[in-house]
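The chain contents come next:
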Amino acid sequence: ELKVEQNPLFLSMQEGKNYTIYCNYSTTSDRLYWYRQDPGKSLESLFVLLSNGAVKQEGRLMASLDTKARLSTLHITAAVHDLSATYFCAVLSGGSNYKLTFGKGTLLTVNP
Amino acid sequence: GAGVSQSPSNKVTEKGKDVELRCDPISGHTALYWYRQRLGQGLEFLIYFQGNSAPDKSGLPSDRFSAERTGESVSTLTIQRTQQEDSAVYLCASSLAPGLQYEQYFGPGTRLTVT
Numbered sequence: 001e002l003k004v005e006q007n008p009l010f011l012s013m014q015e016g017k018n019y020t021i022y023c024n025y026s027t028t029s030d031r032l033y034w035y036r037q038d039p040g041k042s043l044e045s046l047f048v049l050l051s052n053g054a055v056k057q058e059g060r061l062m063a064s065l066d067t068k069a070r071l072s073t074l075h076i077t078a079a080v081h082d083l084s085a086t087y088f089c090a091v092l093s094g095g096s097n098y099k100l101t102f103g104k105g106t107l108l109t110v111n112p
Numbered sequence: 001g002a003g004v005s006q007s008p009s010n011k012v013t014e015k016g017k018d019v020e021l022r023c024d025p026i027s028g029h030t031a032l033y034w035y036r037q038r039l040g041q042g043l044e045f046l047i048y049f050q051g052n053s054a055p056d057k058s059g060l061p062s063d064r065f066s067a068e069r070t071g072e073s074v075s076t077l078t079i080q081r082t083q084q085e086d087s088a089v090y091l092c093a094s095s096l097a098p099g100l101q102y103e104q105y106f107g108p109g110t111r112l113t114v115t
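Chains as they are written, first to last, in this note's numbering: chain A, 1 to 112; chain P, 1 to 115.
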């Protein structure tokens with residue numbers, strides 16, 4: 001059974017600081033997603049990582065994937081308050097082309 | 001254009017009652033997914049529809065849970081004889097076609113509270 005673990009689960013940052021959220025998964029997968037969820041809102045797709053060594057950047061967020069280590073990171077650079085949200089990673093379950101297994105999410109709070 | 005919509009946004013029900021949760025996917029999306037999000041947890045896959053058939057119901061937690069879909073449109077998730085452990089946010093997503101080369105678009109969810 002595929003397990004996806006995120007850490008930390010709670011992250012309080014000051015504006016301007018950098019930090020990394022980690023996503024480990026237990027079995028081979030060749031597709032990993034990062035989502036953002038604001039309170040009471042839908043999940044918003046941030047990144048899709050398709051291959052080993054993939055790196056994608058959007059604004060202050062950068063995601064990477066190491067399929068050999070079964071690890072993805074979401075790096076936050078010079079955090080701003082608008083980044084406050086819950087961030088989920090999700091991994092495509094083995095043998096399926098549609099079933100996602102999600103981590104528990106990281107609640108990020110960026111303080112002034 | 002309109003995104004995925006769900007109704008109601010909040011539902012409070014007494015233990016033992018039946019509830020129906022509705023999902024309106026994006027027009028033209030053939031694939032539809034239901035997920036459950038318990039407090040402090042990630043999303044759990046419940047069921048997947050391709051058109052109006054459900055090739056994968058493996059995530060439904062018990063026989064009290066069922067879902068149907070009308071054509072390539074509205075889907076209803078029904079929970080019979082609700083229990084307190086059913087309290088969660090139920091999220092629906094749709095994609096243009098099956099397969100994760102097609103992005104899943106999520107609705108805002110229905111927060112179900114069973115008292």
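Treat the hints with caution; some may be incorrect.
[What the hints assert, rightly or not] In the DSSO-like style, the derived pairs of lysine-lysine whose C-alpha atoms are separated by at most 30 Å in a straight line are:
{"hint": "1", "chain 1": "P", "residue 1": "K17", "chain 2": "A", "residue 2": "K56"}
{"hint": "2", "chain 1": "P", "residue 1": "K57", "chain 2": "A", "residue 2": "K56"}
{"hint": "3", "chain 1": "A", "residue 1": "K17", "chain 2": "A", "residue 2": "K99"}
{"hint": "4", "chain 1": "A", "residue 1": "K104", "chain 2": "P", "residue 2": "K57"}
{"hint": "5", "chain 1": "P", "residue 1": "K11", "chain 2": "A", "residue 2": "K104"}
{"hint": "6", "chain 1": "P", "residue 1": "K11", "chain 2": "A", "residue 2": "K99"}
{"hint": "7", "chain 1": "P", "residue 1": "K11", "chain 2": "A", "residue 2": "K56"}
{"hint": "8", "chain 1": "A", "residue 1": "K41", "chain 2": "A", "residue 2": "K68"}
{"hint": "9", "chain 1": "A", "residue 1": "K41", "chain 2": "P", "residue 2": "K15"}
{"hint": "10", "chain 1": "P", "residue 1": "K15", "chain 2": "A", "residue 2": "K56"}
None of these hints come from the bench; they were simulated from the model.
Tested hints:
1. P:K17 x A:K56: 47 Å, violated
2. P:K57 x A:K56: Roughly 33 Å separates the two Cα atoms, so the pair is violated.
3. A:K17 x A:K99: 35 Å, violated
4. A:K104 x P:K57: 22 Å, holds
5. P:K11 x A:K104: Holds. K11 of chain P to K104 of chain A sits at ~23 Å (cutoff 30 Å).
6. P:K11 x A:K99: 27 Å, holds
7. P:K11 x A:K56: With a Cα-Cα distance of about 39 Å, the restraint between K11 of chain P and K56 of chain A is violated, given a limit of 30 Å.
8. A:K41 x A:K68: Judged against 30 Å, a Cα distance of about 34 Å means the pair is violated.
9. A:K41 x P:K15: 27 Å, holds
10. P:K15 x A:K56: 46 Å, violated
Going down the numbered hints, you'll see the structure goes against 1, 2, 3, 7, 8, 10, while the others check out.
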